[in-house]
Structures are given as C-alpha cells and as structure tokens.
Amino acid sequence: DRAIEEQLSALGSESFVVQKFPPVMVSHNWREYARRKDFTYDDAIFLQTTAANVSAATAVINRGGQTIKYKDKKTAPNVRVVGTMSEYLSTQALDLASGRFLTGDDVSHTRQVAIIGRDVATELFPYIDPVDRRILAGGQGFLVIGVLEQAPTTFGQSADNVIIIPITAYEKVFTTSRRQMSNTGLFLRAWDTKSVDQAIDEVVALLRVRRKVPLAEENDFEVVTAESLMNTLADFTFYIRIAAIGIAGISLLVAGIGIMNVMLVSVMER
Numbered sequence: 001d002r003a004i005e006e007q008l009s010a011l012g013s014e015s016f017v018v019q020k021f022p023p024v025m026v027s028h029n030w031r032e033y034a035r036r037k038d039f040t041y042d043d044a045i046f047l048q049t050t051a052a053n054v055s056a057a058t059a060v061i062n063r064g065g066q067t068i069k070y071k072d073k074k075t076a077p078n079v080r081v082v083g084t085m086s087e088y089l090s091t092q093a094l095d096l097a098s099g100r101f102l103t104g105d106d107v108s109h110t111r112q113v114a115i116i117g118r119d120v121a122t123e124l125f126p127y128i129d130p131v132d133r134r135i136l137a138g139g140q141g142f143l144v145i146g147v148l149e150q151a152p153t154t155f156g157q158s159a160d161n162v163i164i165i166p167i168t169a170y171e172k173v174f175t176t177s178r179r180q181m182s183n184t185g186l187f188l189r190a191w192d193t194k195s196v197d198q199a200i201d202e203v204v205a206l207l208r209v210r211r212k213v214p215l216a217e218e219n220d221f222e223v224v225t226a227e228s229l230m231n232t233l234a235d236f237t238f239y240i241r242i243a244a245i246g247i248a249g250i251s252l253l254v255a256g257i258g259i260m261n262v263m264l265v266s267v268m269e270r
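Take the sequence shown: its position 19, counting from 1, is numbered 19 in full-length UniProt numbering, and each next residue is one higher.
Calculated directly from the structure, the hints in this document are not laboratory data.
The beta carbon of each residue, even a glycine, is placed where N, CA and C say it ideally should be.
Fair warning: there could be bad hints in the mix.
[Stated by the list, open to error] With a Cα cut of at most 20 Å, we get these calculated DMTMM-like pairs of lysine to aspartate or glutamate:
1. Lys20 - Glu218
2. Lys212 - Asp72
3. Lys69 - Asp119
4. Lys73 - Asp132
[Stated by the list, open to error] Each pair of labels, with its calculated beta carbon distance range:
5. Trp191 - Arg63: 24 to 34 Å
6. Asp129 - Ala205: 15 to 25 Å
7. Gly64 - Arg36: 45 to 55 Å
Let's have the full structure, built from the sequences with the hints guiding it.
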C-alpha cells in the first residue's frame with residue numbers, strides 16, 4: 001500500500017485526469033461508458049486556452065506491446081507508445097536528459113518525431129547519442145529528437161520503456177479509424193495544490209457546456225485525481241482481501257473434510 005501511495009504521489013498533487021471511462025469498471029456497464037463522446041486533442045487545446053485555473057492541458061493515448069527498431073537492433077515487443085502534445089511534460093513527473101520535447105508545430109504538422117525513454121535508448125543506442133537518429137515504430141520512420149531522464153516505476157510498469165510521439169502522428173500510424181482513439185484522456189495540471197479543486201470545478205463546468213450535458217444529468221466523463229485513485233485502490237484492495245479470506249476459509253474447510261475422510265477410512269479399516 002505504501003509503495004502504491006508513493007507512486008501516486010509522484011504524479012503530483014496538482015495533476016488530474018479527465019477520461020470517458022472510470023479507472024475501475026464493472027464489466028456489465030462498459031457499453032454505457034463506451035457510448036460516451038470521445039475526447040480529442042481539440043478538447044485539450046480548448047481547456048488550455050479557456051480554463052484560467054489550469055496551467056497545462058494535454059491529450060494522451062497510448063498502446064503497449066510495440067517493437068521499436070534501429071538498423072539491425074530491435075527491442076522486445078513490450079514498449080509503450082504514447083501519443084500526446086507539447087504540454088505532456090508539464091503534467092508528468094518526467095524530465096529530459098537530452099534533446100528537446102514536442103512542440104505545437106510537431107503536433108499540428110503531424111511530424112514523425114519521437115522522444116525515447118531510458119530503456120529504449122540503452123537497448124538501441126548503447127554507444128551512440130540517439131538524438132537525430134531515425135527509428136522504426138509501427139513500421140514507420142520517426143526521428144529521435146529527445147531522450148528522457150530515468151523515471152520511477154509506476155505500478156510495476158517501467159516509465160523508461162516508452163516512446164512519445166505527437167498525438168496526430170499516433171493517429172496516422174497506429175490507428176485505422178477514429179474509434180481506435182476512443183481511449184484518449186486529458187491530463188491537466190493546476191497552478192498549485194491550493195487551486196486544484198477550483199481547476200477541477202472549472203474544467204467540469206466547461207466540459208459539460210462543451211459536451212452539451214443537460215443540467216439534470218450527471219457528467220458523461222470521469223475526473224481522476226491521485227487521491228480518488230488511491231481511495232479506489234484501497235476499496236479494491238479491501239475486497240481482494242475479503243475474497244482472499246473467503247478463499248482461505250474454503251481451502252481450510254476442504255482440507256478439514258479431507259482429513260476427516262482419511263480418519264474415517266482409517267477407523268473403518270480397523
């Protein structure tokens with residue numbers, strides 16, 4: 001629990017996420033959430049330019065299980081490709097080791113450029129500077145423009161085993177339809193911890209109007225903070241523990257029945 005708490009704290013208490021799906025979803029009502037309107041990078045631009053209490057807003061989508069290549073070298077098929085915008089670095093606990101990050105022009109011009117994580121850099125470029133080298137991702141060439149500093153592991157997943165590309169290039173290379181962009185989320189950051197609640201209230205109000213949500217209806221999106229996610233995980237852990245106790249109880253009962261059967265057979269044989 002303590003490790004999870006530390007990892008959530010690394011996300012920053014000023015940051016929060018807006019997405020169409022809840023962080024934990026019961027299988028029977030997933031269709032209800034799937035029918036919600038998708039978020040796009042236009043929503044992030046809207047909030048960045050409209051929400052006074054938001055210091056940074058970016059759209060994010062990602063896909064795991066990717067193989068990245070450079071000449072005769074290639075990674076294992078476990079790299080995460082993140083499609084995002086220039087403000088992404090401002091909403092994450094990440095820093096650049098070398099090169100530069102994405103710009104607004106990279107996104108608007110659908111440039112096939114990439115920032116790579118430490119693991120990818122070490123695996124593909126053990127002896128040379130990766131910047132200005134061309135890699136293959138999704139069968140397409142991407143120019144490496146930056147390398148990330150080593151980042152903390154989050155929930156057992158290496159944040160170094162990643163490449164970051166413009167969200168427009170992600171849509172072009174890694175999707176064949178708009179439906180495949182439905183998991184796009186908005187990462188936002190308030191100016192400071194004191195203004196987080198104000199930022200959330202403002203973002204919710206702006207998005208309800210933008211998405212034309214009737215006054216009497218609930219939000220058609222979810223707001224996730226480090227605190228709310230921690231509470232969700234705590235509840236989830238509690239039910240897992242209850243289930244584990246139940247399973248242990250059943251195991252003891254079965255074991256007890258087994259011992260009784262052995263004793264009964266032994267008595268009957270005598």
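Now for the hints, and whether the structure bears them out:
A hinted pair counts as satisfied when its Cα atoms are at most 20 Å apart, and Lys20 with Glu218 qualifies at roughly 13 Å. Taking the CA atoms of Lys212 and Asp72, the gap is near 51 Å; set against the 20 Å cutoff, the hint is violated. Distance check on the hinted pair: Lys69 and Asp119 sit about 13 Å apart at the alpha-carbon level, within 20 Å; holds. This hinted pair checks out: Lys73 and Asp132 have alpha carbons roughly 17 Å apart, not beyond 20 Å.
Between Trp191 and Arg63, the C-beta spacing of about 32 Å keeps the proposed range 24 to 34 Å intact. Separated by about 47 Å at the C-beta atoms, Asp129 and Ala205 break the suggested range of 15 to 25 Å. A beta carbon spacing of about 23 Å between Gly64 and Arg36 contradicts the range 45 to 55 Å that was offered as a hint.
This entry does not satisfy hints 2, 6, 7, going by the numbered hints stated previously.
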